[in-house]
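Engineer: Following the hints, complete the assembly by docking chain E onto the known chain B.
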Amino acid sequence: MKPIGRGFVSWVEVAMLAPALVLLVMFLVVPFAMSIGLAFTNQPLLPGPIPTKFVGLGNFARILSSVEFWRAMLNVALFTLMVIPLQCGFALWSAILLNGQNRAKRLFQGLFFLPYITPMVVVCVVWSTMYQYPSGVFNSVLGVLTFGLFKPVEWLGNPHTALVAITMLSAWQAYGFQMVIYMAGLQNIPTDLYEAAAIDGVAGWRRFAWVTWPSLYQTNVFVLIITTIQALQLFTQVNILTQGGPQDSTNTLVHYIYRSGFVIQNVGRASAGSLILFLLIVSIYGVMSFLTKNDPTGEKP
Amino acid sequence: MKKVALLILCVVMATMGVSAQGKISVMFQATGAEGDAFKALFDRFTRDTGIKVEPMFIPHDVYFEKFSAAVASKRVADVMQLDAPFLANFVWNGYLSPLSGLVDQKVIDDLTLSSVAQGTYPIDGRLYALGNADSTVLLYGSKKLLKAAGVRIPTSVKDAWTKDEFDAALDKLAKVPGVKWPLDIFRAYGVKTEWATYAFQPVFESFGGKLIDQKSWKAVGALDSPESVAAAAEIQSWVKKGYVVPASSGTNALYRDQDKAALAWGGNWYWSEAYPIMKDDLVAIPLPNFGKGVKTPNGTWIWAITKSARSPKAAAQFLDYLAKDKKFVQEDPGVFPGLKSWAAQLPAYTDAKQMKVAFEQASVAVPRPIYPGYPVLTASFQTALDSILSGADPKQELSKAAAAIDQDGADHDGYPPFGN
Chain B
116 MKPIGRGFVS
126 WVEVAMLAPA
136 LVLLVMFLVV
146 PFAMSIGLAF
156 TNQPLLPGPI
166 PTKFVGLGNF
176 ARILSSVEFW
186 RAMLNVALFT
196 LMVIPLQCGF
206 ALWSAILLNG
216 QNRAKRLFQG
226 LFFLPYITPM
236 VVVCVVWSTM
246 YQYPSGVFNS
256 VLGVLTFGLF
266 KPVEWLGNPH
276 TALVAITMLS
286 AWQAYGFQMV
296 IYMAGLQNIP
306 TDLYEAAAID
316 GVAGWRRFAW
326 VTWPSLYQTN
336 VFVLIITTIQ
346 ALQLFTQVNI
356 LTQGGPQDST
366 NTLVHYIYRS
376 GFVIQNVGRA
386 SAGSLILFLL
396 IVSIYGVMSF
406 LTKNDPTGEK
416 P
Chain E
134 MKKVALLILC
144 VVMATMGVSA
154 QGKISVMFQA
164 TGAEGDAFKA
174 LFDRFTRDTG
184 IKVEPMFIPH
194 DVYFEKFSAA
204 VASKRVADVM
214 QLDAPFLANF
224 VWNGYLSPLS
234 GLVDQKVIDD
244 LTLSSVAQGT
254 YPIDGRLYAL
264 GNADSTVLLY
274 GSKKLLKAAG
284 VRIPTSVKDA
294 WTKDEFDAAL
304 DKLAKVPGVK
314 WPLDIFRAYG
324 VKTEWATYAF
334 QPVFESFGGK
344 LIDQKSWKAV
354 GALDSPESVA
364 AAAEIQSWVK
374 KGYVVPASSG
384 TNALYRDQDK
394 AALAWGGNWY
404 WSEAYPIMKD
414 DLVAIPLPNF
424 GKGVKTPNGT
434 WIWAITKSAR
444 SPKAAAQFLD
454 YLAKDKKFVQ
464 EDPGVFPGLK
474 SWAAQLPAYT
484 DAKQMKVAFE
494 QASVAVPRPI
504 YPGYPVLTAS
514 FQTALDSILS
524 GADPKQELSK
534 AAAAIDQDGA
544 DHDGYPPFGN
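Residue numbers (my numbering), protein chains in the order written: chain B, 116 to 416; chain E, 134 to 553.
Bound-form chain B, shown alone (with noise of 0.2 Å):
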């Protein structure tokens, strides 16, 4: 083939990556670049007699300045705090559980792996029969467990534990994709580790403390990146079950920049907030790739 350019790439290459471009351009990169200029316009979401001017910063001073972003973002933070230990936390004590090639240990793989393939809506829909108070199958079974010292919980009713359920309800939804890159992460770790662990006398606790551990932590900073990122743009499930309340406790930021452009119809307002939302992603991954670029297993990538 005939290079073009510089020599770097040919024709035919880029004839293959033309139609992947393309989407990626117009569904992605210009959708990003007109809501970088809406957000400095008061454009409302349909057309109307007023016409749309410019507002340079106020878009921005008015979200930073207002209760229910800041509540938002605390509900967020707190989300991401609960969210991280329990999911992958349990991802991983699955992953290392079911890791192997054996046929009992790959359908159970699979079976682990069923709720990620279930989409989040049907997953809401049922937990929220589950979260059903005064008998919903939460509160049933922790009474019985408890002989009735358990009282009935309103969970997505009350503003103390409306965020806790949501934080259970996710985590039991997703904790497979983490599952899957936790297994990736122990299958590179090499044998002779664990032999030379064996040899010295370590096992149990102290073997994953020790050996297992320390060699997942490239995969523990990608799995922290990759949870955090996503537990960030929750909404789904404030979506559908409580909608930001009850007394905001459940408001997250994507909900809150979908409020600004559906409900009350202010698209600028919308576009300043996901711009916000944008820099806050890209400085958490910024801090976390500097905090965690040394290895100190010394392992190269």
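Hints may be right or wrong, so weigh each one.
In silico DSSO-like pairs for lysine-lysine, Cα to Cα no more than 27 Å straight-line [claimed, not checked]:
no.	chain 1	residue 1	chain 2	residue 2
1	E	Lys-308	B	Lys-266
2	B	Lys-266	E	Lys-440
3	E	Lys-393	E	Lys-373
4	B	Lys-266	E	Lys-313
5	B	Lys-168	E	Lys-351
Honestly, the hints are just simulated from the structure, not real lab data.
Structural biologist: Same frame as chain B, now just chain E:
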């Protein structure tokens, strides 16, 4: 070659022209049996007039958001339903055509006063929407349980319960064996749906408060006035005392066997749900008088013709047909008449043992504010009420909501000429 191409072009354009004449798209929302009644109506319309109907169904709690998406992608239907209080917003934004000259004058004359009020845009006084149905909210009760509690059953709006009588009734009903919750306010309809504003604005009005001042179009001072706060506190007290059916407990508490409710604060459509099961035990009771008289809501999904309709005449034909269709009245359960000719056909509404009280309430109906900023008004009110029902401070929540409503008004320069 050129001639053939031209011929093909002509044929294509002709068929396009013909289909534009013979087809209308209808955007609507409906649930269950009502949806089936609509489908049958569309089929009958096509059979009788030859105009094809392209139905666009949207679930009613995301209706406004989906409609916005339709406008943004230029896929607005020719005929659309809209929730009555959103009329001012749609007309202000320029989406609807006035009905006079399009719809048959006889149909317009047949509308009840409440219907005309719902469909009229106050700025130019023209009718933009046809309300063939209307609605109301009342109290439903179980005669057996009310008698067991020793509570008087009012028979008309004139001797409705007072606030103290209502509170006392709830206390008494809570003690009756077999009653899990004295009152069902249908929290199960959803956390933030139009039900909140629709069903509870009358309580605010009956206390002497209101959602927004209808002269200055400002919510601060109206929504957070002492009377409004008192109304919110009263509703909150029912939940605090544990008298209200929780949101996750469904909507059939009045007529099911387990975990029963004694009273239900429900819409007129609930009659057709509860009556087949409760029969003569079911009684319709007017809403309580909390001080300034019994106030009830009205308003429902009304029909309009959009400005972008390709064939306004075909759209108007559909509205005429809908208003004159006898079968639809019978097939749509729980429909509340907005046309005088319909009321005569529905015996339930003249029977004192059935829903006569409901129809009587239409005379004390207070419409929701007819204001282009209604979408934000209702969203803010729903958020506030949801927080209040889960224990937040009423004054704080209502002040927050009022501030948000006025902020939206300011963002739109007061929605001229409303807020000037």
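Engineer: Taking the numbered hints from earlier one at a time, note which ones the structure violates and give those numbers from smallest to largest.
Structural biologist: 2
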